[in-house]
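Enquirer: For the protein sequence lines, the chains are A, B and C, in the order given. Here numbering that gives the first Met the number 0 is used: the first residue of the first sequence is 0, the next is one more, and so on. Here numbering that gives the first Met the number 0 is used: the first residue of the second sequence is 0, the next is one more, and so on. Here numbering that gives the first Met the number 0 is used: the first residue of the third sequence is 0, the next is one more, and so on.
The set of hints was computed from the structure by calculation and includes no laboratory data. We put the beta carbon where it would ideally sit given N, CA and C, even for glycine. It is possible that part of the hints are untrue.
According to the in silico footprint, chain B covers these stretches of chain C (three or more CB under 8 Å from chain B) [unchecked claim]:
{"no.": "1", "stretch": "56-70"}
{"no.": "2", "stretch": "317-328"}
Pairs of lysine-lysine residues, derived as DSSO-like cross-links and limited to a Cα-Cα distance of at most 27 Å, are as follows [stated by the list, open to error]:
{"no.": "3", "chain 1": "C", "residue 1": "K613", "chain 2": "A", "residue 2": "K237"}
{"no.": "4", "chain 1": "C", "residue 1": "K616", "chain 2": "C", "residue 2": "K11"}
{"no.": "5", "chain 1": "C", "residue 1": "K616", "chain 2": "A", "residue 2": "K237"}
{"no.": "6", "chain 1": "A", "residue 1": "K246", "chain 2": "C", "residue 2": "K292"}
{"no.": "7", "chain 1": "C", "residue 1": "K616", "chain 2": "A", "residue 2": "K246"}
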Amino acid sequence: MLFAPKAKEAPGMTLEGILGPNDRLDQAPGIRVDSPEAMAVCADGHLLFSSGKRVHRLREWGVEPDLWAEFDRPVSALSCGSDGLVAVGLQGGALKVLDLAGRPLEGWSAPSDLVSVTDCLFLSKDEIAVVDNGYRDDQNVPSVAPWDEVARGKVVAIHRSGKSRVVAGGLHCPMGIAPDFAGGFLVSQLERASIVDASGRTLQSGYPGYLGRVRRTDIGYVMACLSRRDPLIEFLKKEQAFVADMKADLDPRYWISPRATPEFSHDFPIELGAARLFGDIKPWAPSFSYGLVIELDEKLMPVASAHSRANGSRHAICDVCSWNGDLIAISRASGEILNLGRGSPTP
Amino acid sequence: MVYKFGNRVRNAAIALLVGASVALGSAGTTSAGTDIAGKKVIFIPIAMGISLTEGWARRMKEDAALHGYTLEIRDPAFSSSAMAELLAKAISEKPDVLVVHNPTVQLLARQIKQAEAAGIKVLQLNLQSNQPSSAFVGANWTRIGHDVAEDIVKECGAGSGKSGKVAIIPGQLTAADSVMLNDAAFKVFKDHPEIQVVSNQASDWEPEKARQITATVLQQHPDLCAIFGHWDVHTMGAGHAVKDAGLEDKVLVYATGGGDNVTCKAVEDKILDRVWSYDADGQGRDAATMIDLLLQGASAKDGSMLSVDSPLKIIKAGPTYDPSLCWKM
Amino acid sequence: MSAQIDFASLPKQHVPLWVVSPRRILADILAKGWIESTIPFLALLCVLVGIALTTNDYFSPANLQNLAQYSADGGLVVLALLIVVAAGGIDLSVGSNFAMSAFVALYCFHILGLPVPAVLALTLAAGAAVGIANGIVAGLLGCGALLTTLGTMITVRALFALAAQAELVEISTSSRTDDLWDWIGFEKFLSVPIGAWCLITVSVLVFVLFRQLRFGWHILAVGGNRKAARHGGIPVRTTVFLAYLLAGLIVGLAGFLFAARQNSISVADTGIGMEFFALTALVVGLGGFVPGKGSPVTALIGFATIYLLNNAMINAGYRGDFVQIWMGGIIILILTIDVRFRKNRHRLLASTYLDPVALDAGSVQGMNGLMPNEMEPKLSAAEILASGRVDGPEDVILDAEGNLYCGNRNGCILKIAAPAYTDVSVLAKIGGRPLGLAFDREGRIVTCVAGMGLIRVTMEGAVELLTDETSRSLFSVQDDTAIRMADDLDIGPDGTIYFTDATKRYDIDNWGLDLLEGRPNGRLLSFDPKTRKTRTVCDNLLFPNGVCLTHDGKHLLVASTWACSILIFDLARLSDGPRVFLNGLPGYPDNINRASDGGYWVALAGMRNPVFDKVLKHPELRRRMTRRVPPTNWLFGNLNIGGVLKTDGLGKVVDALWDAPDGPLYMITSMREHEGSLFLGGVTNDKIGRLALEGADARWTGPASYWGRTG
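Just chain A, same shape as in the assembly (with noise of 0.2 Å):
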């Protein structure tokens, strides 16, 4: 028919609503950290987090962080498990158990072919599942992953004793791993937007924003987006000739891809709503880099959300969780950690 309109896909999540845009993430209270990436709440009570090759605990907001531990390479996963245990997962996808006074335990050892160690989470005290994403720790995962089809990732589970087992395979970047309410776990994956089971069946898609680490809360879980999603991308992405161009001829920094830091460079492009008018970024303006958290409930839909605009610095969000009632949430690009203070659903 004449001017039929066009079959259109099943829309995803906008930035309204629930998901409506807010400053909390640049209002929140955070602490300067050297390059951030992973926390966890251990078993008693503090919070561990990474920085660089070290990992400070912090025993309660607002106190000084001491130093946990270091390692010869930078962290890339922290997991506490029930039972007094802490998963270390190093770049170059090495893992190493410890117990929480920071003392190596040993047997723990990851298998060799393991490229990354994103997440991990205690299965049992005999067993930790390790998320691979399968891209190497010195790639930009954000740059790259949208432009590759190719399904890298799974989740490990590894064995006191050593042995391991691939619990689950063939998931697209993926960035998290939470337990569920049915006793196993589900995973984020970071392009596909979506929260999947260990059979790889998507639980639910469409979020607005690239996801990173997925964490367990009372009510249902909380979830950091890495960037929000972007129109000019999801349209990229079926531009076959032009992606196969970009990804032959230029180097992947200058990719058109989410990004970790709102800065801008003489060498990247910007969205035409992004020009400066007067000089001042509009918080409204479309950008590659963003901060978002996502709170779900235990059927995975959105129930609050703090964000870091376009104006913002806060974006980024690599890691959160929840820790003495308050979220907590890490932003790549200040080098922060964030105190977002009492979560769950605004009243």
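Dock chains B and C against chain A, hints included.
Expert: For chains B and C alone, kept in the frame of chain A given last:
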């Protein structure tokens, strides 16, 4: 005798065969002796979809199929301007015979003249124009008018004990039938001053309009004696008005028409009382015959119109009523 | 002190003679006003083709003459109705008026026996009388048009029926003939029937009326918006009255033609349903019941469509009622398609308008050690002037006394007084969007105003339009005479003003689309104040932007923004076309201005980057992007960062002044050197920067450099 009979049977069989083959659509077959196959005839009625024109068309089509000439029907659907234009188009197509059904005596006059001048034979069907042409087939309106008027005088005139009031409902004042029917009737009424024409309003061939006119007349003249409707179709509207007023036994409703079974039904239902039927079915056959003749080159010696008067049938309510007088589609 | 430019040795810049693109032609056609009637026209074409395929010799000369003869009065009635509808009214009485007029004509001819001219005069008077009645009630008294003409329709119909009943028999039995009467009704002049000549004449008159005459424009204004027309000083009621009168007159003429042709009327059907037939024709032609549109051609297209459809079907021997049903169906089909088309035309236009082509500005050259990541952002040392008090100074210029002038988004030329630069006042209000500025020999400001053209402003604030159009280019579907986006200018030694029309296809608000299109849409123009003639010096340039007369006064530098290059013209041989002065710039050059040392300053409004350069090589990607991605998310060059390049007199980049990534100065669109300082403006900024230049001639000023004045 036996031989003769055999001969007749054989002839009949041949005729049947010829008819059958024509009906089967095998082209080129013509009846013996004439060479009119492939000629072109165009028929422009006032409107199709009424028994009169459909009845004619049926017979003409049968004849065209039998003799292999083409008959095209152009339907202006009661629009006189469309009709004039259709005729203009038809003339420019140069058919051999044009059959026209004049809505008024004047409308097509110039075009009939033009067509005849262009060598197209024009057959005027039932309703004449001011302009004479090659042929006319139709009712003798003057005679019908005269007869009906005489009958009205007999029923309503002196000595009848009735009021003598008559309402006339023509189709169109300028239609040939109305012009001639009124002329003839008024001529009769002139000699009978007791007859009083209380209304003479055209119905535009519409039953509904005739009904309204009649209802009005009946209100003003409840003692109306007779209604003379010029065409049975619209006069049925008048008859209904009479019946609605409960006067069907007091007011005589006269009409003329093609006389199909609808008319007989109307007479049975006491909607019409007396109908002078010119038998459209028969007229159709007459017209077909006239077309045959015209296609074969027939013409009146002195250039005047060849004319066929349709035989009349009078359909009357009452003991003499005979439904077989009506034809069926 | 200036370097000798060896023009002949510079590489030639290829400039296409014309830009040919099917999509552009389609878009240009879609933008035309007459495209509105595409569907009625196609419908007519379909009807014509359909008839030609299914009938024999329908279009024979004889039948065409028939059609012309019999359709004329219907066509006239449609035109009459068009006039009334254009004035925002409706006339249901056209059918009754038509019948009455025909009766009057026949009565005058047959009963009164008047000569034909008198018959015509009386018939027109009768038609006009009905028009006057309608006009008085609907126009002067302001009663509703529908109700009024419904009333006259019934009244006139009744009068007609009464009169016709009384006289018809006599008329039909009249034997009067008259040569002139028959000639009008039946004869032809130059093979065209007289009635058709009347229709042609009236159509032309109506066309002229709506195109050229004040009264016609008044009708359209009243129909378009009655209230606005009244506020505009148009006598609304009189206009409506006259529209009805005119319509009545035309209907009278139609009735006369009908009478002369038919020589008869019928109470039952003359003029019955004519108003609906005419309304249908109008609706089919105009795509709806639209007041304020006076297009006799489209109205007649609609009329021809349904007239021929009806006529052909009847002639094909279909039954009348069957034809009616089909007509209704076909008309609904045509209208449905038409309404969809009209509704979606602008969408279709929007989706075809952008017509991208691959664009390759080449690699960045001559910038070794000068890129932003290789040096300090020098502009961060700039002093900020008039912060928040200037809205978008695209260009800045200083007079000999050091006063600063710039345009703003509100269409004003602002003056910022030396030496403090704190006092901002409005020199002149122009409107539009003032962009480039230049001082002429007499010390007046000449400015390029986007959306307006070339404007001259005196120091007293008097504004004079110098030019707003140039000659139309060959082979253009769209009229491109208007100067759409006058951008920057400079003035030659002889006073000739050279200025750029950056793009002929986009307005200033959509200049970004011109980059996404990447076609040479701009041109270099010249204006000679002595002859007041505007000339196209060079057409089909890629967003020609800044213009600067070289120090020797013999050449002209023109920045080609999307090509990231600077072209040079030889003023003595402009027709030779441009050569390349400098290319491979790292950003998009905007204005160019003289530097005190014989070199030039080049403003970079935005920066190129590898991925966007790649996107520019994928035109279809850009087209799809503009269709599927919201405009705010379109990929673009980086406008949030910019700077100023310094070249020597021969076009070698010798220095770069970059702003910091979050600097207050960004998207630099202009800079002027004045007494050792560089003043910087940005089209989206609200401040002006001043940067002290080390080692620059502290006495050098622009006016002195151009006109030898020292203040």
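Enquirer: Hint by hint, say whether it matches the structure.
Expert: Here is how each hint holds up against the structure:
1. Counting residues of the stretch 56-70 of chain C whose CB falls under 8 Å from any CB of chain B gives 8; the rule of at least 3 is met.
2. Restraint check on the stretch 317-328 of chain C versus chain B: 6 residues with Cβ-Cβ distances below 8 Å, three needed, restraint holds.
3. Taking the CA atoms of K613/C and K237/A, the gap is near 16 Å; set against the 27 Å cutoff, the hint holds.
4. In summary, the hint linking K616/C to K11/C is supported, as the alpha carbons are separated by about 22 Å, within the 27 Å threshold.
5. A hinted pair counts as satisfied when its Cα atoms are at most 27 Å apart, and K616/C with K237/A qualifies at roughly 17 Å.
6. Our distance criterion of 27 Å between C-alpha atoms is broken by K246/A and K292/C, whose separation comes to about 55 Å.
7. For the suggested pair K616/C and K246/A, the alpha carbons sit about 15 Å apart, so the restraint of at most 27 Å is met.
Comparing the model with each numbered hint stated earlier shows that hint 6 is the single one that does not hold.
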